[in-house]
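Undergrad: Spelled out from the first residue to the last, the chains are:
Protein chains: 2
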Amino acid sequence: MNNRIITINREYGSGGRIIGKLLSEKLGIPYYDKEIISLTAKKSGFTEDFVKEASEKKTVSLLYSLYMTSLPVSDQIFLAQSQVIKDISENEESCVIVGGCADYVLRELNCCFKVFIHAPLEERVRRVREEYGETADDYRNYVIKQDKRRVTYYNYFTQNKWGHANDYNLTIDSSLGLENCAEIIAEAAKRNN
Amino acid sequence: MNNRIITINREYGSGGRIIGKLLSEKLGIPYYDKEIISLTAKKSGFTEDFVKEASEKKTVSLLYSLYMTSLPVSDQIFLAQSQVIKDISENEESCVIVGGCADYVLRELNCCFKVFIHAPLEERVRRVREEYGETADDYRNYVIKQDKRRVTYYNYFTQNKWGHANDYNLTIDSSLGLENCAEIIAEAAKRNN
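Chains as they are written, first to last, in my numbering: chain A, 1 to 193; chain B, 1 to 193.
So that you can see chain A by itself, here it is in the shape it has in the complex (with noise of 0.2 Å):
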């Protein structure tokens, strides 16, 4: 696999992300995700509490807001989380990217393998409830708000349209398994020539 770059977007709870670890493993090439938080807090001078905030969130609290007097503070960390993933880019031969709207952010390289994973609901709930140790009153409220965020956070920062096959080489639901979907996209990407 040549100069590959797989990007992952992924519905919550749908265990996107252990399949991209899954994925970075059978390929043998790094896998960037939380790594991209820390480097864009290094990037943009915010802690990496406040960059893992705003990446998912399309506006941050006020009083970042008020201090500021340039861009939003939202739109400052997204673009030194692009930076970030160009920088990764064009440093690394081959990686798995998850999140961070990569898919966006690299739209314009072709050697770029666009996937996103989702599965129904219920499945998600269940998985949040019983594998990811999160703790909610209701759980299938809270995923439905951090998919909420998700979606909001990606639709305001592309041109793209949160979920929609066009803008994918690779939709998978992840109810076949995280492994098996694993499989499926190392097959798929390696043939992505």
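A portion of the hints provided could be inaccurate.
One copy or two, either will do: identical chains are not told apart, so a pair holds if it fits within one copy or between any two.
To be verified - Below 30 Å or equal to it, Euclidean Cα-Cα: the simulated DSSO-like pairs (lysine-lysine) are:
#, residue 1, residue 2
1, K190, K21
2, K145, K26
3, K161, K148
4, K190, K145
What the hints contain is simulated information worked out from the structure, not anything from laboratory work.
Got chain A sorted already, so can you dock chain B onto it with the hints?
TA: What follows is chain B alone, placed relative to chain A:
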């Protein structure tokens, strides 16, 4: 592969029909596409040409519409076609069904593996011009119009939105190559237990 029905929706010019045929050969299972038109014609009493026209358009000629006093003709044909697809799903252990909103008609069947095939517009225009043997003054415009018919028909007769990843087990950009797509879909469908 037990009792597996693979439904395929495809953008015009994406090569989805060819992929469906390759897939059925790979899996050694029957393939339904144009056969659905002739079976629907028999069931509804309309001619094959008329059914074909109605199967890709929400509205049909005024003459037929005036003639009928009950359901609009297009709705009658959709209902007849849906029954044909349901009959196929009951009679065949496994098969590939292309078009006919089969993914929606068979939405209650857990054994259904739903696929959407797309490709960038320029790639589809090239395929229609060079491979399909179709003639048009403006191929780009022709492909866009054919697509609009499919989208309008699908969105009218189903409660889904054409091309939305969440409605499918797998969506794939056929730029990967038709043979490759058939391989990937076959591999995914086999793992869908």
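Undergrad: A separate judgement is required for each hint: does it hold in the structure or not?
TA: Hints and how they fare:
Both within a single protomer and between protomers do K190 and K21 lie at most 30 Å apart by alpha-carbon distance, with minima of 16 Å and 23 Å respectively. Neither within a single protomer nor between protomers do K145 and K26 lie at most 30 Å apart by alpha-carbon distance, with minima of 32 Å and 42 Å respectively. In this homomeric assembly, K161 and K148 come within 30 Å of each other (Cα to Cα) both inside a single copy, at 13 Å, and across copies, at 19 Å. In the homo-oligomer, the alpha carbons of K190 and K145 never lie at most 30 Å apart, since the shortest distance is 35 Å inside one protomer and 34 Å across protomers.
The earlier numbered hints that this structure contradicts are 2, 4.
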